[in-house]
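> Spelled out, the chains give:
Protein chains: 2
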Amino acid sequence: MRIFLEPKSLVMIGASRKTGQGAYNGVEVMLRYGYPGRIYPINPKADEICGLKAYPTVAAVPEVADLATISVGRDHVIPAFHQCIEAGIRRVIIISQGFSDADKRGRELQEQITLLARGSGVRVLGPNTLGVTNNFRGLSTGFIDLPRPVKIPPVALIAQTGLLQVAPKEFSGCNWGKAIDIGNACDVDFVDALEYFGTDPEIRVIAVYMEGFLRARKFLEAASRISLTKPIIVFKTGRTAAGARAALSHTGSLVGEDEINDAAFRRAGIIRVKNVSEFRDAVHSFLKFADLSGPRLGVLTPSGAAGIMATDACDDFGFTIGNLPENLAGKLKEGLPDWVHIGNPVDIWPVGMLGDGFSSSYKQALCGLLNSPEIDAVLALSLSMSSPLHQDIDIAAVVAEAGQETNNTKPVSMWIYGTAAAATVEKLEAVAQVACFDSVEQAVRGLSFVYRYHQLKGRKIPAQRTFPYDRKAADLLLAKGRQRKVLLGEDALDLLSIFGIPAAAGKIARNWREIEAAAESFSYPLVLKLSGEAFLHKSEWGGVVTDIRNKKELRGAWKKMKENVRLRNPKLKTGFQLQEQAAGKELLLGLKLDPKFGHVLVCGLGGVYAEVFKDISRELVPVGRSEAEKMLSSLKTYPLLKGVRGEAGIDQEGMLEILERLSFLAACVPDIAELDINPLMADAGGCRAVDARIIW
Amino acid sequence: MRIFLEPKSLVMIGASRKTGQGAYNGVEVMLRYGYPGRIYPINPKADEICGLKAYPTVAAVPEVADLATISVGRDHVIPAFHQCIEAGIRRVIIISQGFSDADKRGRELQEQITLLARGSGVRVLGPNTLGVTNNFRGLSTGFIDLPRPVKIPPVALIAQTGLLQVAPKEFSGCNWGKAIDIGNACDVDFVDALEYFGTDPEIRVIAVYMEGFLRARKFLEAASRISLTKPIIVFKTGRTAAGARAALSHTGSLVGEDEINDAAFRRAGIIRVKNVSEFRDAVHSFLKFADLSGPRLGVLTPSGAAGIMATDACDDFGFTIGNLPENLAGKLKEGLPDWVHIGNPVDIWPVGMLGDGFSSSYKQALCGLLNSPEIDAVLALSLSMSSPLHQDIDIAAVVAEAGQETNNTKPVSMWIYGTAAAATVEKLEAVAQVACFDSVEQAVRGLSFVYRYHQLKGRKIPAQRTFPYDRKAADLLLAKGRQRKVLLGEDALDLLSIFGIPAAAGKIARNWREIEAAAESFSYPLVLKLSGEAFLHKSEWGGVVTDIRNKKELRGAWKKMKENVRLRNPKLKTGFQLQEQAAGKELLLGLKLDPKFGHVLVCGLGGVYAEVFKDISRELVPVGRSEAEKMLSSLKTYPLLKGVRGEAGIDQEGMLEILERLSFLAACVPDIAELDINPLMADAGGCRAVDARIIW
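In order, the protein sequence lines correspond to chains V and W.
So that you can map any letter, position 198 of the first sequence is 197 in numbering that gives the first Met the number 0, and since no number is skipped, the others follow by simple counting.
So that you can map any letter, position 145 of the second sequence is 144 in numbering that gives the first Met the number 0, and since no number is skipped, the others follow by simple counting.
Just chain V, with the same shape it has in the complex (with noise of 0.2 Å):
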């Protein structure tokens, strides 16, 4: 990667003549952006381009250059892939567009693009890309004339398309200071991105734009590992696309695939945002807050309204307002009236207008709060005013100087209203660990982010458990799973039941005499339920008798059954399935193949609810105790499960091993496509899987 950031010697293919307005020539821009290496235009019709001698072909260039760009329309583009293999170039930028991003012929194009790639070793960056810019050598392939940033920053970009390049300032508050357009990635991709920022020493936060994922669960190694030195941002979208899938089972609708990105990027420690504003934000924050270790905030204000906006937003975003420091009131207070109150909020107008004035009294408070064990970080608001009656406001000034004397590594997190804002906020930018945002949502959301991912750093990566299961009968009713491409009632519960995860008591029975036989080994309450794969909507067929007490009530059941499918369709045979009924509350727990990352797995609340809330959690496989925990305890039901006033909770012990061995099944059985368990009864006794369904 490092070559197609830090080429000494460029081929541009494709090179136009046309200059200025419209033209939109490569050359042209990569010249006025100031690259110092060399450039050897490629253009038959041309003698020279933009004052460089041009080339017919890359084999006449008098040296193999480091990087070749191609911009030709995409039939011209093999051919000229196959003159920079030829001339030994070893790193290639396809720009070109029309290819897996327009139609068949265009797919089949960039395929052979990939064949041709891996069988010359050539490394290839697109098609359909603006390539490549770092700012720190003066390189920017693309065609869209930028200008080069004085200020730059450790940050890098890795996205599926060159708007974030065309437009650094919306989506990064500064500018990038590398950035790959991985475009159509028919060979580079976020994996070799992700590694190559991860150990550049010029590289502080990567943030990455994401439509679709490649190589998902490599992705996901690396930034597991990346994210542990550097933030990671991703901006996913795609959002809605995603959440349009058909799924087969229960667990299958219940889990978007977008909440398994979400999944996946917590798993990762990758800071997912959602929309351009938090894009920009979250790259800014990271960008100036060195950590933020805990949720405690001290809020600085001059207007009492900006303090209620304050409180509202830290509770929007899990912060909490911290206790005053002890003698902090006091001082502040010192010579004013009475009635002047000091809280936090710190509300300083009164304080600055009856004292000694309002900057130094807001640096005295500043200086408090940083200094204070009780406080995390500050969200500092101010108003800074372009009149010369209002000089006395020197903001930019004070925060500096409260800054370097309390020697601050907290975050101060500032929103700066009024009409010097822009001029004080640039000003405020060059203070170490302070930050500006548009808004004071804004501003205590940019300490969200990296509170989030002080958070995220501490998690450990879980390893799968193993248990000791009966493989010979596990094997048997795998392959008779296979076979059918489903396992249904007692066939998947026995499955479960080999894996360790209990299973109400239940028999199938075809008749009378075998139902009557299976009770005496039962104790009432009994389930009676239709089986077989022509009744998969028991309710339907009216196939469902719970709350069963006695013999008399299993005989009239049974009738009733048998009568309503006889109604329904005379021919079909009847065959029973009785349970002994479980009770407790109703979950819902299951796993479902993604394609991208493997199997993941899902619980949450089962029943006539469970759509109407969506209340799951999901983790990717391997889950560990740990994970099966957080799955646990991030349900809103979770308090049930707890037990809430007096009432018994469920056996949280039983639940966290079940979901660990579902974990341990899925690794086991790779190939499931879906496995479903709906509903288990879960009660202070124990978890029984009721009812399951395993689709391959």
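No lab work stands behind these hints, which were simulated from the structure alone.
None of the values given here were measured: they were computed from a predicted structure.
Be aware that one or more of the hints could be misleading.
Remember, identical chains collapse to one label, so a pair may be satisfied in a single copy or spanning two.
Unchecked claim - Straight line, CA to CA, 20 Å or less: simulated SDA-like cross-link-like pairs of lysine to any residue:
#, residue 1, residue 2
1, Lys629, Arg548
2, Lys103, Ile341
3, Lys168, Ala422
4, Lys479, Ala431
Add chain W to chain V, keeping to what the hints say.
Okay, now just chain W, sitting in the frame of chain V:
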């Protein structure tokens, strides 16, 4: 109010001799602002202030001024106010702070000011206010020196703080036409200001910043009327504090203060915003967009990635991607390679590059979308670069032309990125029906405010339906309730029955004989409960047995219950309630007396999940049929109430009638503090209250 905003002459009490930096001199600020009227500074120690003759007292002023401002220490405010009253001044602004914003003494002083105002008929704004700004008349009574805006938008601000006057750009995107800071609102309040701007021909949009309600019902009444012709945006803060209130009943605890505010705002046709950025964008949208009558957007973008971001944002804000006008794709594709795909979002970059150029293609596509009857508004994204190489992209010109050529009346919401964005935005903002925002999601959100307003404008104002009821029987029970402060169990159910709300058949019984007798007239299954105020939390006493199927089980339940009580407290006398068991979905209904708005009607999910999911809808009383319908249909669990997958829903007609009857009950018994029906069991056969509690 008009005199407050258009005074011809002005007395300024507490005018300081100090001027310049840090002086906060109101006279100096007013003069710099260019106030054209006569100013009389009052200061016994000065002959002249800022070149104006100063007067020792108000009485010394040679005319009766229209308006006085008072800016002195709080202990001098009342004497100054007296001077004004005696001099015949009818409007006073008290800028000084330290009143109800401070301490007990401050509250007493403010109370005295209110009494003086009421007694004299002099209207008072404040205390603790920056006063008023009227940019149409060059008036700014505050002590912060603001530049007088060149462009004056037809938007009024009513705020409980001066912050928004000091930061007009941050809160309005532009400026305020007029602004009133009601401060502590000892006299003039939201209602006065709202009524005034409601009929002010210079004002088209009203923006309100509110921390707490004052004269809440009056405010809603005025807003309901005014919002039919002028959009009212309210930024209500203090959400967190509001949530912390304690409550006695389920209904009480499930209905947060802030959710009631939401219901109230909706009822009054008010657009509520939740933070600074929403406030700014909402004001901006209403100033620029005339109306948005449907949710179908056309999206025009120079980047596929931006199109995906737009699609996500549309989904987030409830918009749909409209159908592409039939002939548009064909027209745009003329002469282009086959592989260029035109959809909605319209990705215009390849069209422009391979065809007629960006500007011309952009205009063609925009005209097509604006002309289409299947598109309600356009979301138009574009880059704008300052480089001389990209002057072919003249987005401001083509958008203006497209607007003219189509006689456009549809909103065009834009996000412009790139190095020339600021200059381009300025030009675009001059085009009718075009507004620019800071990100793609904000551009979509901007449209959502206007669309929400469009939908709210169509609402009906409900009237309370009346029902016949047995007033005598009701009065008996109400007397008992008022005396005991509570009605429980059968009493509460009886009252509901009197108002036509069906209850499960039940009876109170003191002993086995009475239980047995009661059971004769009921049909099994039955429910036996402990009854009496000692057993408020019945389940803790083991005091509820359900699903009793015969006399034997009934006797068992009775014995067990007696024993449970004896074990915990042998001295307690047991009472019982026997009910027919009602089947169906467990719902919760209730009334809560809100101190600001009066009775709030509540319905939602009951049972164990009630507090976990808080699936509750709320409406202010009166609730008519259409509000009742909205209450039901806005529940997350509504699909289950309607019936899904062949499973029967509930008797919706019955439920709607119950909601209307509860609203009527609230109207008849205005002193009920909280009423809880929990659960109400509902199935296809009907709805029956099973337990209820009424608190005074």
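> None of the hints should be skipped; say for each whether it holds.
Hints and how they fare:
In this assembly of identical chains, the alpha carbons of Lys629 and Arg548 never lie at most 20 Å apart, being 38 Å within a copy and 42 Å across copies at closest. Taking the shortest alpha-carbon separations for Lys103 and Ile341, only the inter-copy value of 16 Å comes in at or below 20 Å, while the best intra-copy value is 69 Å. Taking the shortest Cα distances, Lys168 and Ala422 sit within 20 Å of each other both inside one copy (17 Å) and across copies (15 Å). Taking CA atoms no more than 20 Å apart as the test, Lys479 paired with Ala431 passes in neither setting, with 65 Å inside one copy and 69 Å between copies.
Hints 1, 4, counting from the list given before, are not met by this structure.
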